[in-house]
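Colleague: Line order of the protein sequences matches chains G and B.
Per this note's numbering, residue 1 is the first one in the first sequence, and the count goes up by one each step.
Per this note's numbering, residue 117 is the first one in the second sequence, and the count goes up by one each step.
Among the clues, some could well be false.
The following label-pair restraints were derived from C-beta to C-beta distances [said to hold, decoys possible]: (1) G:72 / B:228: 43 to 49 Å; (2) G:26 / B:156: 21 to 27 Å; (3) G:79 / B:154: 31 to 37 Å; (4) B:134 / G:82: 42 to 48 Å.
35 Å max Cα-Cα, derived DSBU-like pairs, lysine-lysine [to be verified]: (5) G:42 / G:115; (6) G:58 / G:69; (7) G:42 / B:178; (8) G:115 / B:127; (9) G:69 / G:49; (10) G:115 / G:69; (11) G:115 / G:49; (12) G:58 / G:68; (13) G:68 / B:194; (14) G:49 / B:127; (15) G:115 / G:58; (16) G:69 / G:42; (17) G:68 / G:42; (18) B:178 / G:49; (19) G:42 / G:58; (20) B:127 / G:42; (21) B:194 / B:127; (22) B:194 / G:42; (23) B:178 / B:194; (24) B:178 / B:127; (25) G:68 / G:115.
If you are wondering where the hints come from, they were derived from the structure by calculation, not from laboratory data.
Ideal placement from N, C-alpha and C gives every residue a C-beta, glycine not left out.
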Amino acid sequence: AQSVTQLDSHVSVSEGTPVLLRCNYSSSYSPSLFWYVQHPNKGLQLLLKYTSAATLVKGINGFEAEFKKSETSFHLTKPSAHMSDAAEYFCVVSDRGSGNTGKLIFGQGTTLQVKP
Amino acid sequence: DARVTQTPRDKVTEMGQEVTMRCQPILGHNTVFWYRQTMMQGLELLAYFRNRAPLDDSGMPKDRFSAEMPDATLATLKIQPSEPRDSAVYFCASSGDVNTQYFGPGTRLTVL
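For reference, chain G alone in the conformation it holds in the complex (with noise of 0.2 Å):
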């Protein structure tokens, strides 16, 4: 069975300074990975997604992950944080057992909270 677990539920930072939210997954297949985030009170944004290309990937808004199959983990990272960062990130796994379904399995979030 698939499953991620993201690795904190809340993390600081200061503005201009670099963003890591830890996600470790479990899959029998190979997974399709993603990440979503959520301002409040709005609907889910996908960040970027893996679907066995390149093992480095880049989202939007300078975000990018890497998939590093020995680890199994995917983290999201960014150079430097903008207070527009602050929100809640879903690191996402597809579940591609039982025929391929499409169904979505979320990890419980991280919070960003972003400091002047």
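Got chain G sorted already, so can you dock chain B onto it with the hints?
Modeller: What follows is chain B alone, placed relative to chain G:
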């Protein structure tokens, strides 16, 4: 810029009333998902459709919730009768490939 749209954005109703939420998937997407988000439970998958046929609705309370896709451009989620515990944000998402979902802005439902 293709987007999933949802109406209404906010709905306040009284217990026992019928609530209908609508979703327009991205044109050409053949899979539609309904989610519910609460502080306590996080994101829960309620139901999903592929090519307008329901594939899985095991996440929905069967006695009061129903989901349909009358045509390829419209998905509906209905609650009858509504209860205070149904208060949540309901999201629709659509997918054109089997893996990537695009979410709508959500309907915030408050049942008094």
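Colleague: Holds or violated: are the alpha carbons of residue 178 of chain B and residue 127 of chain B at most 35 Å from each other?
Modeller: holds (22 Å)
Colleague: Next pair to validate is residue 49 of chain G with residue 127 of chain B; report whether the Cα-Cα distance is within 35 Å.
Modeller: Distance ~33 Å between residue 49 of chain G and residue 127 of chain B Cα, so the pair holds.
Colleague: CA of residue 69 of chain G to CA of residue 42 of chain G, is that 35 Å or under?
Modeller: holds (32 Å)
Colleague: Between residue 69 of chain G and residue 49 of chain G, does the CA-CA distance stay at or below 35 Å?
Modeller: holds (15 Å)
Colleague: Between residue 58 of chain G and residue 68 of chain G, is the straight-line Cα distance small enough, at 35 Å or below?
Modeller: holds (15 Å)
Colleague: The hint says 21 to 27 Å between residue 26 of chain G and residue 156 of chain B; measuring C-beta to C-beta, is that right?
Modeller: holds (24 Å)
Colleague: Under the criterion that the straight-line Cα-Cα distance not exceed 35 Å, is the pair residue 115 of chain G, residue 49 of chain G satisfied?
Modeller: holds (27 Å)
Colleague: Taking only the CA atoms, is the gap from residue 127 of chain B to residue 42 of chain G under or equal to 35 Å?
Modeller: Status holds; Cα separation ~15 Å.
Colleague: Tell me if the straight-line CA distance from residue 68 of chain G to residue 42 of chain G falls inside 35 Å.
Modeller: With Cα atoms ~30 Å apart, residue 68 of chain G and residue 42 of chain G stay inside 35 Å; holds.
Colleague: Keeping to a limit of 35 Å between CA atoms, is the pair of residue 68 of chain G and residue 115 of chain G held or broken?
Modeller: This hinted pair holds, its Cα atoms lying about 30 Å apart.
Colleague: Residue 68 of chain G and residue 194 of chain B: Cα distance at most 35 Å?
Modeller: With a Cα-Cα distance of about 42 Å, the restraint between residue 68 of chain G and residue 194 of chain B is violated, given a limit of 35 Å.
Colleague: Take the C-alpha atoms of residue 115 of chain G and residue 69 of chain G, compute the straight-line distance between them, and say whether it is at most 35 Å.
Modeller: The given pair, whose Cα atoms are some 33 Å apart, holds under the 35 Å limit.
In the structure shown, a violation is registered for the earlier hint numbered 13 alone.
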